[in-house]
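As a plain string of letters, each chain reads:
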Amino acid sequence: MSGHEFHPLVKQLLDGDITLADLPAELRAEGEEALRLLARVARTDVTMPAVTWRVMAALERRRRRFLPWLLAPALAAAAVLVLWLRPGSPPPSAPVVTVRFVLVAPEARQVSLAGTFNQWDSHATPLVRTGPTGVWTATLTLPAGQHQYAFVVDGVRWVPDPGAPAVDDGFGRRNSVLTL
Amino acid sequence: MIALLAIPLTVLSMQQAADSAIAQRLAGRVPPQIASLVEDLGTAAAAHGLPIDPLIQKAIEGSAKGVPPDRVATALRVVAMHLDTAATALRDGGLPSDTLAIAAGEFAISAGLSGSDITALARTGANAAALTVGLRVAGTLAALGVPPAEDIGLVSVELRAGEPASTLLLLPANVQAEMAKGATAAQAAAGLARAAAAQARHGPPPGRGQGHPPPPHPPHPPAPAPHP
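Sequence lines, in order, name chains A and B. At position 162 of the first sequence (counting the first as 1) the number is 162 in the working numbering, and the numbers step up by one without a gap. At position 165 of the second sequence (counting the first as 1) the number is 345 in the working numbering, and the numbers step up by one without a gap.
Next comes chain A alone, as it looks inside the complex (with noise of 0.2 Å):
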């Protein structure tokens, strides 16, 4: 068909002004053969499959490729939230109980408190001697939840509360439980 001229006549049949009547009866032949390859045309998909599938399976080798870079960070950045979530540090909005230890130790010169409060720190809660009966005390403000503690009297003898109930340690030593 390529190079084939028709009569202006029969481009006029096939854009659809004139019909095949219309035609004079020299052109009507063309004007049919016209019609007929008009047909066929219509009649062929024009879509190229074979095209677009290699360009939408390129596109999604691409984005295969590129998802476990955009994955991975992603379960990290997730996984470090989730450790960050664990336990070990209460929730912001975990209740508090004020606490008041007391210890009587006459002879001591010094008494502190450490427990899982405070990291087990000896020098970080000392207590206050009360009057002259040797009364030791230290009013803290601790989340609600277990914690276990023992005081430190003269910066080396560790000594459960006599007061609170007491686990083995794990060391040969007694720690006191206080559960808020």
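If you are wondering where the hints come from, they were derived from the structure by calculation, not from laboratory data. Computed from a prediction, not measured in an experiment: that's the story for all the values here. It cannot be assumed that every hint is accurate.
Said to hold, decoys possible - Restricting the straight-line Cα-Cα distance to at most 25 Å, the calculated cross-link-like pairs of lysine to any residue (SDA-like) are:
{"id": "1", "chain 1": "B", "residue 1": "LYS245", "chain 2": "A", "residue 2": "ARG28"}
{"id": "2", "chain 1": "B", "residue 1": "LYS361", "chain 2": "A", "residue 2": "VAL104"}
{"id": "3", "chain 1": "B", "residue 1": "LYS245", "chain 2": "B", "residue 2": "ARG205"}
{"id": "4", "chain 1": "B", "residue 1": "LYS245", "chain 2": "A", "residue 2": "LEU20"}
{"id": "5", "chain 1": "B", "residue 1": "LYS361", "chain 2": "A", "residue 2": "ARG100"}
With the hints as your guide, set chain B onto chain A.
Just chain B, lined up with the frame of chain A:
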């Protein structure tokens, strides 16, 4: 291929984050060999969904008390074993992995309860938060000298009744109050369990609303009392 690398990289990044968190908390507090052991045990524990805080706390405690490193190492391995036992016991009781409940179970075991005691509490059907409090209270009662049977009996009754945490937390003080009047720890816990069970059957005493009954004796304040 890259997708296959992504998972190990993610796991590696998680382990590094866990190691880093442990190293940060132990920095300057424990000898290097203890820090290294805690990182090993902590990484393994985290991989199994266990909490790492009890390990860190035990390492810090041991070093603060001047305990020799080999003895701290032994204590750390015991804690790791208790965590594993607690997690298994909770799973057997139908509770999915919950690090707070596992840590509370570890405390209960260190106080003298067993894995089967923990499973029994988990089978009360209490949710994870209530069970965590229940395990802490059960451990505290064990530390007071309450035998496991009476201990689990009392805490189970309270958990089944759906008592709030505030009521559960009063149990040790109530037991101490009974003991101060001359009861043994077992008698005190058994008496409180009978009272709680009766109340669960018959409801609150006349004249009281649907709220919780008063404890048998005025509760002690949470602060330990001085002793002469």
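Status of each hint after checking the structure:
no.: 1; hint: B/LYS245 <-> A/ARG28; in the structure: violated, 113 Å
no.: 2; hint: B/LYS361 <-> A/VAL104; in the structure: holds, 23 Å
no.: 3; hint: B/LYS245 <-> B/ARG205; in the structure: holds, 17 Å
no.: 4; hint: B/LYS245 <-> A/LEU20; in the structure: violated, 110 Å
no.: 5; hint: B/LYS361 <-> A/ARG100; in the structure: holds, 24 Å
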